[in-house]
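Undergrad: From first to last, the protein sequence lines stand for chains P and F.
To convert, take the position in the first sequence, counting from 1, and add 229; that gives the working numbering.
To convert, take the position in the second sequence, counting from 1, and add 24; that gives the working numbering.
Any given hint could be a false lead.
Calculated pairs, DMTMM-like style, for lysine to aspartate or glutamate (alpha carbon to alpha carbon, straight line, at most 25 Å) [claimed, not checked]: (1) LYS260(P) - ASP276(P); (2) LYS158(F) - ASP238(P); (3) LYS73(F) - GLU165(F); (4) LYS355(P) - GLU250(P); (5) LYS273(P) - GLU187(F); (6) LYS260(P) - GLU165(F); (7) LYS295(P) - ASP34(F); (8) LYS273(P) - GLU165(F); (9) LYS175(F) - GLU187(F); (10) LYS242(P) - ASP43(F); (11) LYS160(F) - ASP237(P); (12) LYS257(P) - ASP34(F); (13) LYS290(P) - GLU187(F); (14) LYS160(F) - GLU247(P); (15) LYS148(F) - GLU266(P); (16) LYS161(F) - ASP43(F); (17) LYS419(P) - GLU446(P); (18) LYS260(P) - GLU133(F).
For the chain F half of the interface with chain P, some residues (derived, Cβ under 10 Å), not all of them [stated by the list, open to error]: (19) TYR54; (20) LYS85; (21) LYS92; (22) VAL93; (23) LYS148; (24) LEU154; (25) GLU168; (26) LEU183; (27) LEU188; (28) ARG189; (29) LEU192.
Pair by pair, the computed Cβ-Cβ distance ranges are [stated by the list, open to error]: (30) THR162(F) - GLU291(P): 48 to 54 Å; (31) LEU449(P) - ASP159(F): 45 to 51 Å; (32) LYS80(F) - ARG288(P): 39 to 45 Å; (33) LYS39(F) - ASN501(P): 31 to 37 Å; (34) LYS85(F) - LYS251(P): 39 to 45 Å; (35) THR162(F) - SER452(P): 50 to 56 Å; (36) LYS39(F) - LYS258(P): 48 to 54 Å; (37) GLU168(F) - GLU250(P): 52 to 58 Å; (38) ASP159(F) - LYS419(P): 42 to 48 Å; (39) ARG429(P) - GLU168(F): 55 to 61 Å.
By construction, these hints were calculated from the structure, which means they are not laboratory data.
Since we're looking at a predicted model, the values are computed, not measured.
Note that beta-carbon positions come from the ideal geometry of N, C-alpha and C, so glycine has one too.
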Amino acid sequence: MEKPDNTDDFLAKWASGELSEKEINAFKKSKDYTLYETILEGTKLLDVPTVDREQLFDRIKEDVSKEKKVIPLIPRWAYAAVASIALILGYTFFFNQNITHQSGFGEQLAVTLPDGSEAILNAKSKLYYKKGNWEQTERTVFLEGEAFFKVKKGNTFTVKSDKNSVSVLGTQFNVNASAGFFEVICYEGKVKVENSTSSRIITRGQAVRSIKSSFEEWKLNDSVPSWTIGESSFTNTPLQQVISALEKQYKITIKSRNIDLAQRYTGGFAHNNLQNALQTIFDAMNIKFIFTNNDTIELSEE
Amino acid sequence: MPEKQKSVCDEKTFKMIFDNHSEVILNFIYYKCGDMTQAEDITQDAFVKLWKNCKKVLFEKAKSFLMKVAQNAFFNEAKHKKVILKYNQQSFSSIQYDYSPEFLMEEKEFMIRLQRSISELPPKQREVFLLSRKDKKTYKEIAEIIGLTQKAVERRMHLALVELREKLGQVV
Numbered sequence: 230m231e232k233p234d235n236t237d238d239f240l241a242k243w244a245s246g247e248l249s250e251k252e253i254n255a256f257k258k259s260k261d262y263t264l265y266e267t268i269l270e271g272t273k274l275l276d277v278p279t280v281d282r283e284q285l286f287d288r289i290k291e292d293v294s295k296e297k298k299v300i301p302l303i304p305r306w307a308y309a310a311v312a313s314i315a316l317i318l319g320y321t322f323f324f325n326q327n328i329t330h331q332s333g334f335g336e337q338l339a340v341t342l343p344d345g346s347e348a349i350l351n352a353k354s355k356l357y358y359k360k361g362n363w364e365q366t367e368r369t370v371f372l373e374g375e376a377f378f379k380v381k382k383g384n385t386f387t388v389k390s391d392k393n394s395v396s397v398l399g400t401q402f403n404v405n406a407s408a409g410f411f412e413v414i415c416y417e418g419k420v421k422v423e424n425s426t427s428s429r430i431i432t433r434g435q436a437v438r439s440i441k442s443s444f445e446e447w448k449l450n451d452s453v454p455s456w457t458i459g460e461s462s463f464t465n466t467p468l469q470q471v472i473s474a475l476e477k478q479y480k481i482t483i484k485s486r487n488i489d490l491a492q493r494y495t496g497g498f499a500h501n502n503l504q505n506a507l508q509t510i511f512d513a514m515n516i517k518f519i520f521t522n523n524d525t526i527e528l529s530e531e
Numbered sequence: 025m026p027e028k029q030k031s032v033c034d035e036k037t038f039k040m041i042f043d044n045h046s047e048v049i050l051n052f053i054y055y056k057c058g059d060m061t062q063a064e065d066i067t068q069d070a071f072v073k074l075w076k077n078c079k080k081v082l083f084e085k086a087k088s089f090l091m092k093v094a095q096n097a098f099f100n101e102a103k104h105k106k107v108i109l110k111y112n113q114q115s116f117s118s119i120q121y122d123y124s125p126e127f128l129m130e131e132k133e134f135m136i137r138l139q140r141s142i143s144e145l146p147p148k149q150r151e152v153f154l155l156s157r158k159d160k161k162t163y164k165e166i167a168e169i170i171g172l173t174q175k176a177v178e179r180r181m182h183l184a185l186v187e188l189r190e191k192l193g194q195v196v
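If we strip away everything but chain P, and leave its shape as in the complex, we get:
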């Protein structure tokens, strides 16, 4: 009898059920039959990862709508102008080629980076990076806002904001970067924090903050940032930052006329109740707050 491996498509025909009964019966007698059968049955038990295709379609729609908007908005004569601006702002142009992840008000966004490292973005934060070269060169991401990083071991991993940067090899840490403010909390491993003038190395349970190019350090016991579990917390943080966190979380505007925004706040607020959050912070600071409309709040001295 013909051996199964004799023709070059015998097994394909068998797997798709195209063999004649006679051929199958002969094949069943061969010693390899059970193994082949087991391979096919076993393969049934393996899973292909599933993808949320609705979300994927939404992303496509988003990309497409960006394209749509851009084209009619730029008249032909503007190209020359755009080109020269692009030259002048080569720096900005470079950013446009990056991959950007952005979270909205009150949102958190989990991002997987090309090397498998993870970043969770806090509300209204933006993370971008260059797509290529993650294997060969340094791993670098740019951050505006706050994010918690779980970095896979590998080359140096750097988080940059305008003047400051954090570099690590493989660890977990939180970065909060906004204009004039940069704060890093290390939850595992070792982290190097640099600003334009100096640098610090911190380890697990330590935190450092750079305000106006000087460093402040402190210690803490958490294992993940509290904002990832529904609460923002602060340690001796300038009020300015606390207010900005509130605004990002609840999509509100806070007006602070005569308030000293450099004063420090220690404490936290929950992400699910604005009234509570406002009371927790401002009562403790002896500051009065009034809603001037649904999403605007005015602060004044008690």
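Knowing the structure of chain P, use the given hints to seat chain F on it.
TA: Positioned in the frame of chain P, the structure of chain F alone reads:
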């Protein structure tokens, strides 16, 4: 009178194309590179490109257009990981048939070796094997997806099975 051509630029048609073909493109690229995130990116780009070219691409050609774009994008991205399918822990013994003594190894161990063997298949054989067995595509459909003759697909399927048998038959 000729029937009115479906236009890819029509949003409903576009969504229909997405619903019909996105899964096989995702899986196809995944079988090649082993990275679902990368597969998602490539699929996303392919559909965006289809939309941009919707006036030029006929409805009937949309699928092969997507496949071509996705494959090209895939070739451009050099980095590939190992394709490891998840073992969903369902019991093997729920399937009725006789094992010969040489296959009375622990089912879990067998599954792990099967996962590994599939991931070690040459990509060309693996994509055919998985499109056939996991996505239940006929050889004819696979031939269209990959852009080969049906005969060549069947040959690859055959080789994939021989290769898997050899890998899994070694240790007894």
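Undergrad: Compare the structure with each hint and give your call.
TA: Results of checking the hints against the structure:
no.: 1; hint: LYS260(P) - ASP276(P); result: violated (28 Å)
no.: 2; hint: LYS158(F) - ASP238(P); result: holds (19 Å)
no.: 3; hint: LYS73(F) - GLU165(F); result: holds (23 Å)
no.: 4; hint: LYS355(P) - GLU250(P); result: violated (63 Å)
no.: 5; hint: LYS273(P) - GLU187(F); result: holds (18 Å)
no.: 6; hint: LYS260(P) - GLU165(F); result: violated (31 Å)
no.: 7; hint: LYS295(P) - ASP34(F); result: holds (17 Å)
no.: 8; hint: LYS273(P) - GLU165(F); result: holds (20 Å)
no.: 9; hint: LYS175(F) - GLU187(F); result: holds (18 Å)
no.: 10; hint: LYS242(P) - ASP43(F); result: violated (30 Å)
no.: 11; hint: LYS160(F) - ASP237(P); result: holds (21 Å)
no.: 12; hint: LYS257(P) - ASP34(F); result: violated (52 Å)
no.: 13; hint: LYS290(P) - GLU187(F); result: violated (42 Å)
no.: 14; hint: LYS160(F) - GLU247(P); result: holds (15 Å)
no.: 15; hint: LYS148(F) - GLU266(P); result: holds (22 Å)
no.: 16; hint: LYS161(F) - ASP43(F); result: holds (16 Å)
no.: 17; hint: LYS419(P) - GLU446(P); result: holds (15 Å)
no.: 18; hint: LYS260(P) - GLU133(F); result: holds (21 Å)
no.: 19; hint: TYR54; result: holds (7 Å)
no.: 20; hint: LYS85; result: violated (19 Å)
no.: 21; hint: LYS92; result: violated (18 Å)
no.: 22; hint: VAL93; result: violated (13 Å)
no.: 23; hint: LYS148; result: violated (14 Å)
no.: 24; hint: LEU154; result: holds (8 Å)
no.: 25; hint: GLU168; result: violated (16 Å)
no.: 26; hint: LEU183; result: holds (8 Å)
no.: 27; hint: LEU188; result: holds (5 Å)
no.: 28; hint: ARG189; result: holds (5 Å)
no.: 29; hint: LEU192; result: holds (6 Å)
no.: 30; hint: THR162(F) - GLU291(P): 48 to 54 Å; result: violated (35 Å)
no.: 31; hint: LEU449(P) - ASP159(F): 45 to 51 Å; result: holds (50 Å)
no.: 32; hint: LYS80(F) - ARG288(P): 39 to 45 Å; result: violated (23 Å)
no.: 33; hint: LYS39(F) - ASN501(P): 31 to 37 Å; result: holds (35 Å)
no.: 34; hint: LYS85(F) - LYS251(P): 39 to 45 Å; result: holds (42 Å)
no.: 35; hint: THR162(F) - SER452(P): 50 to 56 Å; result: holds (52 Å)
no.: 36; hint: LYS39(F) - LYS258(P): 48 to 54 Å; result: holds (51 Å)
no.: 37; hint: GLU168(F) - GLU250(P): 52 to 58 Å; result: violated (30 Å)
no.: 38; hint: ASP159(F) - LYS419(P): 42 to 48 Å; result: holds (46 Å)
no.: 39; hint: ARG429(P) - GLU168(F): 55 to 61 Å; result: holds (59 Å)
Figure legend: structure checked against the earlier numbered hints; hints not met, in rising order: 1, 4, 6, 10, 12, 13, 20, 21, 22, 23, 25, 30, 32 and 37.
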